[in-house]
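Participant: Here's the letter readout for the chains.
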Amino acid sequence: MNLFGEALRWIGDGSHWGGPGGIDTRIVQHLWVTFAAVGIAAVLAIPLGVLIGHTGRGRLVVVALAGAVRAVPTLGLLTLLGLAIGIGVEAPLLALVALAFPSLLAGAYAGIEAADPGAVDAARAVGMSEWQVVTRVEVPLGASVLIGGIRAATLQVVATATLAAYISDTGLGRYLFSGLKSRDYAQMLAGALLVAALALLLDLLMAALQRASSPTQGKVPS
Amino acid sequence: MGIEFRDVGKTYPDGTVAVTGFSCSIPSHRTLALVGTSGSGKTTLMRMVNRMVEPTTGTVLIDDRDVHELEKVALRRSIGYVPQAGGLLPHRRVVDNVATVPVLTGTTRRAARTAALQLLELVGLDPALGKRYPAQLSGGQQQRVAVARALAADPNVLLMDEPFGAVDPIVRRDLQDQLVQLQAELGKTIVLVTHDIDEAFKLGDQVVILRTGGIVAQTGTPQEILAAPADDFVRDFVGIGRAERSLQTVDVDGRNIVVDGSGRPVGVLT
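Read top to bottom, the protein sequences are chains D and B. Residues 1 to 222 (full-length UniProt numbering) are what the first sequence spells out, left to right. Residues 1 to 270 (full-length UniProt numbering) are what the second sequence spells out, left to right.
These aren't lab readings, by the way, just hints derived from the structure by calculation. There's no promise every hint is true.
Claimed, not checked - Label-pair ranges, simulated between beta-carbon atoms:
hint : chain 1 : residue 1 : chain 2 : residue 2 : range
1    : D       : V61       : B       : D66       : 34 to 44 Å
2    : B       : L70       : D       : W131      : 54 to 64 Å
3    : B       : T57       : D       : E130      : 18 to 28 Å
The C-beta atom is built at its ideal place from N, Cα and C for all residues, glycine as well.
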């Protein structure tokens with residue numbers, strides 16, 4: 001409990017805020033890495049997942065592949081990538097993209113597949129093009145599942161983004177690694193608390209977004 | 001003119017034969033009822049008209065034009081479609097569901113909505129329901145919305161896939177009566193799929209009874225089929241032997257009362 005108090009005091013200490021190594025800067029860095037990783041993974045995984053969900057093709061191959069990627073330990077991948085491309089934020093970013101990919105892919109195809117087949121068939125039969133079926137029916141109907149995938153990926157990445165500090169001077173993970181090195185356990189715990197708080201906050205935001213995207217949520221007439 | 005099926009067949013890649021050598025035509029402004037049990041290929045046949053199913057052999061023609069030569073999306077937009085159990089878009093308001101096709105073809109949303117409200121009235125719904133979402137309507141109301149949506153682009157051809165199969169018998173009769181009335185007013189060319197022979201007789205000018213594999217058991221007007229059923233399958237399907245189909249009159253105080261096969265009175269002969 002004493003350590004816990006120390007950690008909170010460490011966070012409250014004004015000298016740890018501002019400047020290049022300050023908590024605020026680290027939070028921004030941490031968020032930046034998180035959003036960049038989820039964003040890059042989303043650009044790759046969501047169109048692929050939507051395509052799989054829409055056509056029903058290639059599902060087995062891609063799902064098996066995504067499962068295999070999921071089994072790769074992120075720290076191991078990060079070490080490998082770090083050795084290959086050197087010190088800096090690129091290697092952790094890539095490792096985090098790999099981490100986010102399976103959840104995003106699963107959310108996308110599961111969301112599309114969850115769309116009411118009767119509504120999809122009728123939309124096609126009244127004359128929507130395949131693109132219109134995807135964008136006007138399948139994606140809106142699957143949105144909450146799809147956003148669920150983004151939510152899961154964001155949560156994983158924001159927690160794991162601490163590893164970015166393993167080989168670069170980025171994010172809240174810095175406090176864990178430097179605290180460990182200098183046996184400054186208050187600083188370590190402070191870092192962990194900050195990451196946890198950030199993860200909770202993001203998850204709450206994403207949960208609200210997911211609720212708002214539910215096809216019939218909040219649409220009861222007065 | 002009208003719709004013509006010319007020797008069409010459909011065999012799926014796994015070898016399942018849905019339809020073989022089906023030929024039939026229906027003149028414009030008339031209703032063709034395809035009736036049969038499940039697996040008789042009736043829905044498959046209907047979906048060939050708007051190319052939701054491509055026949056493996058033969059051709060389907062609308063007004064003497066092979067539908068295969070028409071662009072799929074444009075063809076479908078030019079044909080009204082009423083699916084089984086509504087098929088409305090759950091995330092759009094009723095009015096926007098009705099306006100779907102006009103909006104797709106470039107009508108402004110405002111104009112399409114105004115027209116949609118009138119269509120709701122035409123199918124017997126309070127336009128105030130337009131603000132609701134499909135899930136907030138009863139099954140019968142959803143079916144009416146589906147009919148309104150099918151009429152929105154003022155198509156010449158309507159396809160109806162067991163449109164009243166999912167509602168209770170009283171609502172079904174109501175919807176059937178309404179369709180008869182609408183058809184008298186609008187004169188569309190309709191292809192209706194049903195497994196209910198009474199519905200086929202009530203709504204169809206021409207009735208095709210199909211057996212498994214899309215083989216025609218008999219084609220004709222309801223009168224022709226009742227007067228001369230082609231074989232035992234048809235006789236059984238239309239229920240020739242059933243009490244409610246074998247009517248006779250009895251004289252009661254000088255009036256002719258019609259009774260069915262089990263002696264129950266069904267009406268007065270006028």
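Participant: Checked against the structure, which of the hints given earlier come out wrong?
Facilitator: Number 2 only.
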